[in-house]
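Visitor: Residues per chain, in single letters:
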Amino acid sequence: MKADNQSVSERTRQLIEFLDKNEAVLKEIDEGVVVFDLGGRAAIANPSAARLLERPVCEIMRCDIGALVGKEVEVDGREQVLELRRGDKVLLVNLVPIHDAWGQRICTVGVFHNLAQEVELDHARNDFVSLTSHELRTPLSAVLGYIDMLKEDVYGPLTSQQRGAVERAAVNTKQLVSLINNLLDQAQIQAGGLTLNYVPFSPVQLVDSVQMTLAARRQGLKLTTSIADDVPAMLYGDFQRLCQVVTNLLDSIVKFADSGTVHVGIYKPDARHWAVRILDTGRGIPPEAQHDIFVLFRRAGGPMQREYQDTRLGLSIVRQLVDRMKGKVKLESEVGGGTRFTVVLPLALEGVDEGVSSGDEGESIGTRESSL
Amino acid sequence: MSDLFALVVEDHVDSAIIFSEAVRRAGFDVETIRDGKAALERLDAVEPDIVILDLNLPQVSGMDILRRIRSDPRLAKTRVVIVTAHPEMARDIQDQADLLLIKPVAFSQIRKLATDIGSLAK
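Protein sequence lines correspond, in order, to chains Y and E.
Heads up: the first sequence runs through residues 1 to 372, numbered per our numbering.
Heads up: the second sequence runs through residues 1001 to 1122, numbered per our numbering.
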């Protein structure tokens, strides 16, 4: 065993020597890199590590791992991820054990990454989206205004062909408006600036409001509705946002379906929840397109189906809003067998554990059928 | 000659044209003003039944114009409709407005509400 240990420390020394010689590579890396020997003492540190940890390389070299990350860390064979706060900086630290060809650990490499950059970029992106979306509203408003004036014969009567063209312009502009609203919502949700405004409302109101929105926007789509007898006469929730959830789901289902008939039903799945179900009998969504359908930007994976891409923004907002309302949304669909979206929400806020987080988005959203 | 008078305060040319036309169709005489300072000066001389007010204006903001209207007993009957693309700007003063509309706003919506305000003013 002793001989074995000696050879391990020999190999550690060789690796450290090798890295030392190849310092130029480490110097250029933007991430902080610190190599710890088996005892957890720093053996190599690059200039980025010095910058991120705000202490010179020679000082880092005298530290052990605990002193650098500010807490007791047991260096063992496991890969560890730590979050380290230095003033207003947030560092993500990856501790990766390095093994030799015989599986023996010879050292641990700590990679220090500045998360503040990501956070800043995120903020910048959200600010940008929010700014441009607002700036887009004024010219869009003007386009819609002139379309309205043409439709109302302000500039004289239109031929039926002209009227048709104006109608198409109106439909497309309204799509643009809804896209911008979705982008704004997305930016607001991401920035954590979205607050829910809970009010009492009747399920009849919800159904009526959705019907009105739809009537104002689309011709030709037939909507049937139902409210189960055991649904309370008054519900509690963010009425505007609930309308948005249902309308976004309707928008998606309309894009998937050819049937032209959609049903919206409100019911009570159990004693503590109420639910909205939106279903059609159209062509359905193929399984490969259902995967990650509530996720705006999919992680690495197969190519996204172009056909369904434009509904992702709306659906990701649905998912995020429903999450905030402590509810669940799920999709069930079969090719040729129609599509069914179900949103289940708590009847009373008291029954909701405020402490429950919605979990890692990428993971929880990735599952197409959320547990109800 | 109509008895009803509307002031449209809006620096965006097309929005000003559209809002003015909508209010005119509702039976109002309309005057359009493109900047906040000119609007403030004009309000010393006229008593509009309705003011269609943009918030993001050059020189003097729509918020200041709204405050000016609300602090003048002579303009107690003036209805103020804010039309803005930046609803967050209106947060502090929206209670003082009669209505807050967020762009995009439909032509017919302005026409209808102006008609309603007109019938109340008569």
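The set of hints was computed from the structure by calculation and includes no laboratory data.
Just to be clear, a hint being listed does not mean it is correct.
The calculated DSS-like cross-link candidates involving lysine-lysine, where the alpha carbons are at most 25 Å apart (straight line), are [unchecked claim]:
| id | chain 1 | residue 1 | chain 2 | residue 2 |
| --- | --- | --- | --- | --- |
| 1 | Y | K268 | Y | K174 |
| 2 | Y | K174 | E | K1112 |
| 3 | Y | K268 | Y | K326 |
| 4 | E | K1112 | Y | K151 |
Counterexamples of contact, computed for chain Y against chain E with all Cβ distances above 12 Å [said to hold, decoys possible]:
| id | residue |
| --- | --- |
| 5 | K27 |
| 6 | C63 |
| 7 | E79 |
| 8 | V81 |
| 9 | E135 |
| 10 | P139 |
| 11 | Y146 |
| 12 | L214 |
| 13 | R283 |
| 14 | D292 |
| 15 | L313 |
| 16 | E334 |
| 17 | A348 |
Cβ pair distances, simulated, as ranges [said to hold, decoys possible]:
| id | chain 1 | residue 1 | chain 2 | residue 2 | range |
| --- | --- | --- | --- | --- | --- |
| 18 | Y | T159 | E | S1119 | 32 to 40 Å |
| 19 | Y | V204 | E | L1075 | 56 to 64 Å |
| 20 | E | E1041 | Y | Y155 | 47 to 55 Å |
| 21 | Y | N172 | E | S1119 | 45 to 53 Å |
| 22 | E | S1108 | Y | P286 | 16 to 24 Å |
| 23 | Y | G66 | E | R1067 | 39 to 47 Å |
| 24 | Y | R272 | E | D1029 | 35 to 43 Å |
Where is the CB? At the ideal position from N, CA and C, for every residue including glycine.
Visitor: Hint by hint, say whether it matches the structure.
Guide: Evaluated hints:
1. Y:K268 <-> Y:K174: Roughly 34 Å separates the two Cα atoms, so the pair is violated.
2. Y:K174 <-> E:K1112: Judged against 25 Å, a Cα distance of about 20 Å means the pair holds.
3. Y:K268 <-> Y:K326: Holds - the C-alpha atoms of K326 (chain Y) and K268 (chain Y) are around 16 Å apart, at most 25 Å.
4. E:K1112 <-> Y:K151: Measuring from Cα to Cα gives roughly 15 Å; hence the hint holds.
5. K27: Holds, since 46 Å exceeds 12 Å.
6. C63: Consistent with the label, C63 (chain Y) stays out of reach of chain E, its closest Cβ about 47 Å off (over 12 Å).
7. E79: Label holds. Min Cβ-Cβ 44 Å, cutoff 12 Å.
8. V81: Fine: 37 Å to the nearest Cβ keeps V81 (chain Y) off the interface.
9. E135: violated (7 Å)
10. P139: violated (8 Å)
11. Y146: violated (7 Å)
12. L214: Given that every Cβ of chain E is farther than 12 Å from that of L214 (chain Y), nearest at about 17 Å, it holds.
13. R283: With a cut-off of 12 Å, R283 (chain Y) remains clear of chain E, as the shortest Cβ separation is near 33 Å.
14. D292: holds (32 Å)
15. L313: At about 19 Å from chain E, L313 (chain Y) clears the 12 Å cut-off, so the statement holds.
16. E334: For E334 (chain Y), whose nearest Cβ neighbour in chain E is about 39 Å away, the distance exceeds 12 Å, so it holds.
17. A348: holds (30 Å)
18. Y:T159 <-> E:S1119: 32 to 40 Å: holds (34 Å)
19. Y:V204 <-> E:L1075: 56 to 64 Å: violated (41 Å)
20. E:E1041 <-> Y:Y155: 47 to 55 Å: The hint (47 to 55 Å, Cβ to Cβ) is violated, given that E1041 (chain E) and Y155 (chain Y) are roughly 33 Å apart.
21. Y:N172 <-> E:S1119: 45 to 53 Å: Since the Cβ atoms of N172 (chain Y) and S1119 (chain E) sit about 35 Å apart, the hinted range of 45 to 53 Å is violated.
22. E:S1108 <-> Y:P286: 16 to 24 Å: Because 41 Å falls outside the window, the suggested range is violated.
23. Y:G66 <-> E:R1067: 39 to 47 Å: violated (60 Å)
24. Y:R272 <-> E:D1029: 35 to 43 Å: 59 Å Cβ-Cβ, so the 35 to 43 Å window is violated.
Hint compliance for this structure: hints 1, 9, 10, 11, 19, 20, 21, 22, 23 and 24 are broken, all remaining hints hold.
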